[in-house]
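Respectively, the protein sequence lines represent chains A and B. Take 1 as the starting number for the first sequence in the UniProt record's numbering and just add one per residue. Take 1 as the starting number for the second sequence in the UniProt record's numbering and just add one per residue.
Simulated from the structure, these hints should not be mistaken for lab results. No experiment lies behind these values; they were computed from the predicted model shown. Among the hints, erroneous ones may be present.
Calculated pairs, DSBU-like style, for lysine-lysine (alpha carbon to alpha carbon, straight line, at most 35 Å) [what the hints assert, rightly or not]:
| # | chain 1 | residue 1 | chain 2 | residue 2 |
| --- | --- | --- | --- | --- |
| 1 | B | K204 | A | K426 |
| 2 | B | K426 | A | K204 |
| 3 | A | K237 | B | K579 |
| 4 | A | K237 | B | K435 |
| 5 | B | K426 | A | K195 |
| 6 | A | K204 | B | K70 |
| 7 | B | K743 | B | K25 |
2 protein chains.
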Amino acid sequence: MAGIADGRLTDGRGRDRMIHYAIEKQGGEIWLRQKKYEPRFALKTESVFAQCNGYMGVRASLGLPSLDGKKGMFIAGLYNRAYEEEVTELVNCPDVTGYELVLDGVPVLPDSRCLTEFERKFNIHTGELVITSTYELESGASFCLTDRRFASMENEHLFVQSIGITMQKGCIKHGGICTGIDGQQTNSGVSHFKKVNCRVYDRKYLHVEGYLEEDTLSILEGVSYTGEEEEAVFTLKRRGITGRYFFSIPDGGTWEFTKYVYIQNEKDSLGLDRQKKLLEKCSEAGYADVFLKHKKIMQDIWRQARIEIDGASPEEEAAVSFAQYHLLGMMPWHSTDCSIAAKGLTGEGYKGHVFWDAEIFILPFFQYVFPQAARNLLEFRYKGLDGAREKAEAYGYKGAMYPWEAAVTGREETPLYAALNIHTGKANKVWSGIKEHHVTADIAYAVWQYYSVTGDRAFMERFGYEIIFETASFWVSRGQWDEKRQAYVICDIIGPDEYTEHVDNDAYTNYMARYCCRLASVLAEKLCAESPDLYRELDRRLGMDRNRKSWEEFADRLYVPVPNEELVIPQDDTFLSKKRIPDIEKYKKSQIKQAVLLDYSRDEVVDMQVLKQADVVMLLNLFPYMFSKEVVKKNVLFYEERTIHDSSLSYCAHAQACAAIGETELSWEFFKKCMVIDLDDNPNDTTDGIHAASLGGIWSCVIFGFAGISFSDGRLNVSPRLPKHWKEMRFSVKVYGHEIDVKINRREVLLESREKFVQPLSVLVNDEIYTLTDTLSVKCKDKEEDICA
Amino acid sequence: MAGIADGRLTDGRGRDRMIHYAIEKQGGEIWLRQKKYEPRFALKTESVFAQCNGYMGVRASLGLPSLDGKKGMFIAGLYNRAYEEEVTELVNCPDVTGYELVLDGVPVLPDSRCLTEFERKFNIHTGELVITSTYELESGASFCLTDRRFASMENEHLFVQSIGITMQKGCIKHGGICTGIDGQQTNSGVSHFKKVNCRVYDRKYLHVEGYLEEDTLSILEGVSYTGEEEEAVFTLKRRGITGRYFFSIPDGGTWEFTKYVYIQNEKDSLGLDRQKKLLEKCSEAGYADVFLKHKKIMQDIWRQARIEIDGASPEEEAAVSFAQYHLLGMMPWHSTDCSIAAKGLTGEGYKGHVFWDAEIFILPFFQYVFPQAARNLLEFRYKGLDGAREKAEAYGYKGAMYPWEAAVTGREETPLYAALNIHTGKANKVWSGIKEHHVTADIAYAVWQYYSVTGDRAFMERFGYEIIFETASFWVSRGQWDEKRQAYVICDIIGPDEYTEHVDNDAYTNYMARYCCRLASVLAEKLCAESPDLYRELDRRLGMDRNRKSWEEFADRLYVPVPNEELVIPQDDTFLSKKRIPDIEKYKKSQIKQAVLLDYSRDEVVDMQVLKQADVVMLLNLFPYMFSKEVVKKNVLFYEERTIHDSSLSYCAHAQACAAIGETELSWEFFKKCMVIDLDDNPNDTTDGIHAASLGGIWSCVIFGFAGISFSDGRLNVSPRLPKHWKEMRFSVKVYGHEIDVKINRREVLLESREKFVQPLSVLVNDEIYTLTDTLSVKCKDKEEDICA
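Chain A on its own, in the form it takes in the complex:
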């Protein structure tokens, strides 16, 4: 029903956006609560409350039949292309959460008069979903129905759902629940499984195997329930199987039914017998026990990931933890065969494709907190090198040109054409797959960032160098010589701001390309001198000798836009000469994304000073020391006036940039908006999945922006600029494999390494150099002055 509400039912335009969910703290854990039955918020809440463990993501849909939601289960790396004319997409897998309930002849439905109370809540720290509803039947009987679920972090293949019915009044004589595995799910009407096999083993385990072009998904389900009074009845459906289980509940009694589901892509195959045994063990242990094991792992994870902020409001605390929950949940912990999709594992949005979001917005969190996971993400890109080489060659370039949208291979997955314009019938070419090239520098940048912070030489030698060298070769071939400028230029390109297509010398792109080539050139020289064997091996394959000079020369002579007299860095060659859009506030306030395209054609938008999202501002974030504070501030303000923030990647970039120069109040304004991108009271957003990059952006803004953490040239930099009302921040970061607990308040910066540094770590706190062996405390020198700038 969300569709019809667009812009008509909502009255929230322009209001300061709020977190839609109530926040409840319980023993250090935070719950988000939806306190009433809200069909309009069904799709959004399903994404926000999704159970994700990095292997699977299960939307937090109601189990009972309902009109308003959209069930979804997504498995990391499980992509398929249904038809030649469709793109490869993350498959919406068979549903395991749905059930029908008939009590004494009455079907129990949330959209009925019988529903008297409803609550859906979600524990950000454990990932547990609890849906509680109370029904009063016409017979006078009333009961409370509880549906609890989690995706296990102890065994990533395990999903558990427990359904409980507690009688508040009266009893149930004939109860029946019908549930199983439903393979009739589609990606919005497109089916993916070319064959679905269904089995029941031992009159107990339901098994569904779905065959895709390249993969086979296997789902095994075991159940346990109180008092097995009557034998279950299993029924084969098209593409699925259901079990019907029967029960009765005395007055005041409770009936419990638990599903243990083992889900795997057959590639990571554990035999059925072992799966059955595992489910058997779960069933013997029970929901609480299995959950406890999961929770312990989660606690360990949170010990590493936690960010404690004294003074932060519950909303702020919730938003930051929420971001981290989903970051943890979207990470394919045990695989290097896939990466992180734009919507994580929570919805069909962006077809589950992987963008630059993964390296630039999401990777930093993992790099500083779970470096092994960060390494996995980059190894995935290494595996994609051949595809990237093919793409470069296809476009007449050298080296490796990464796809704008990736799935499981390095192949470009961006469709060449978007759907036809419904009015003109013309196909809109999707230029981003053809012209948005910065991702190829972004990946090289991420590789070096990862190495800088982790010191993971083995990674560099096996994977990292090759990525950097091959992307540098691409950039050299991508440039062209400009006689007038006597410099290399990069023409006809799209930068991060996708409202400006086909421009020359996009600032972000050119700086990143220069960085990439400079890095390659310096590393090549170093390797040649220090690791001649590796160098020779790389030379044989990549032509190091032949190429390194060109990297150097390109880096030296590539034109990059510099701040003009007003200190503005031109976004590209023509941006500053375009006219401004007259009514930008209208679009900034609109709850409808890209509303500007309803009033202006794409060509008109391209010809105006109007940005979808941060572009130059992103550049400022990635190179925090390159420009003066004055230049940074000028550019943030200049571009913000021209930015609609139609991309969820935008607010966090602005917030971080402002924080980095100590413009904490301005930063806070952006941060407030960024925090609620998924949580606000706009029911039309986040419906097809959470915004993965923005969640990464929240973490970056807090750690890089407010805590002022950065790392370069082997030195940890801490330049805190806490928001006014934040009194203290405590968190940990990993540097060179050492976990450092950081405490920042207005009087002190305290760093404690859990292991001693053998070679003391150089640390810069507020521009003064220190060293860290195990503990470093830097006190505020002048008591009148904040340590946080």
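Following the hints, complete the assembly by docking chain B onto the known chain A.
Here is chain B on its own, set in the frame of chain A:
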């Protein structure tokens, strides 16, 4: 929700089944009415009330979002095979009936507290569906919502839906309706369109094109509504397009919105411009006018098809008319490229495949009432000859072996294996496609029946002879010589009764095979003598000289089971030696179809005297003069005791057989059950479509059985045996292209031909011979005696 109700919620087992719907007569038209909102009956009612015009069938789903129904639109002949492992099936096409309604911010939903009254009714004579519901909003406003639809008989491509809102209290300030073409429909989770293109023309017409492997479906939709206050907004969805239209309604006012939809398989392509013009004209004329044109055609059709029965109860009248409505609605009037599916165009059941139902159960109605349509159905089989020849060859036989299940070609569409047994994992072989051969004789039988009644020589010369000769050749090759019997036998076969597999000399099959070969032999001789050119042409292609002797010999020497000492015709060689099933009453009374297979394995069932459906009894119907009344009665009673009637084809066969021998009371018992197969109060039946063959059986039973009409050897036979309470029947049949009005009551049989017979027609009334030129009245000789035996 129907699934969970199976056998648990229903209390109707064993009760005499009733028509679930209220019956209302209005000016000679009959309405079926569902008087309240009944989610459990949603699926069934959607099938029963479907709008069908032979080209399209649209399930009578609620337009507003609802959990319980299953939308469906099926186009005659539009089949597709989605995956190699799936079978070809009738495609569930994009939906055009759904809409969302938001009134002053409140979504209108039938499953809500706001619904105060509900009625869904369906006019059997015009095919119009009217869904009326009353809502009372929380604001206090109340209104009546009406949704009327029909599939036009004037233009088979046209579907019209009109939605009206009449305020009963208060007004609507901001109303919005969101509706369009939704291509996210699947056949139970399987998508068929490999590409879907969407357009809006002239900011007015919505157009969706869906591409299948072989066909392209085009749907063009125009709308008109009262007061176009605000411009419509069109939105592209995945696989569809929606328009949002805005309105307000004053107190006491009415708002009307009408959709005119032009649907075509591009094969029968009318250009878009002409389609638009047609829709424009409709829009100018308005629903009432367009409906009137449709209604006039329907009235013409009913003038030919009507069966008036004085003394029949409203239920009986409704059931007979209902059968005829759906027979008319499933007939592809203008095509010879497809035939009639087991569920007509009302659901996904049996994948939309064509069985012997079409020729043996459905064709008779058309043959006597709309002979051109009957000819179309048979021409479809002629087009399938090549496929049938290929099937014969593949199995090592000669001639043409028709597929047990057909779609658009003559190819066999029966899957080789049914779904895996969920408990054993073994695939059940589907033997009917391999061993159920009688369809190949059924088609030859139908061809000759058609010719006998119509005298359509042109048809025989172009199509009919070839079918008969080729099927005869198949039968000869299918038989084998039995030394002991000194006769040909047909071994390892399945007759109509599918609970008895792999038997030898199935009575039905052997008699039909003999008939087919005898017919071929006689016709060959006649052709050779009377039409030597045609004979030579056929000889060249079919080897007439070579084959005709073998047809004759096979017919002469084929063993057929004859009545034994107890007058029982053995169903096959071993049937009478099998033991009876002990508890057949249990399964006869079960609301669950094929419940016997839950208690016994297929092999056990095969080894018992238990029938799914009429087998020998069918034989008695097809050859009404072959056996004495005594033999017929004996066999009907003998086999009925052993028949569960798990097939909907069974009751009508028994009813007709009993009527034919004057066992009217016994016949009536079967007929009562047959009448309500689709209409009864079992919500779990008819959910995936009406039972086409059974509806044909109702007509046959009334006309062949009760009115005692038959035609053979150029003579019309009328031997009425009206049920006690039927006082008079009036109907028409076409013989040799002459429409004969028949009136039968207890005193008189009156035949009036609308055109004079140049050569008077021989007529047998109650075993006495008369002739008909224009009028024939046969009075009851003895006033004490009924003319109806």
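Could you tell me which of the hints above the structure violates, numbers in ascending order? none
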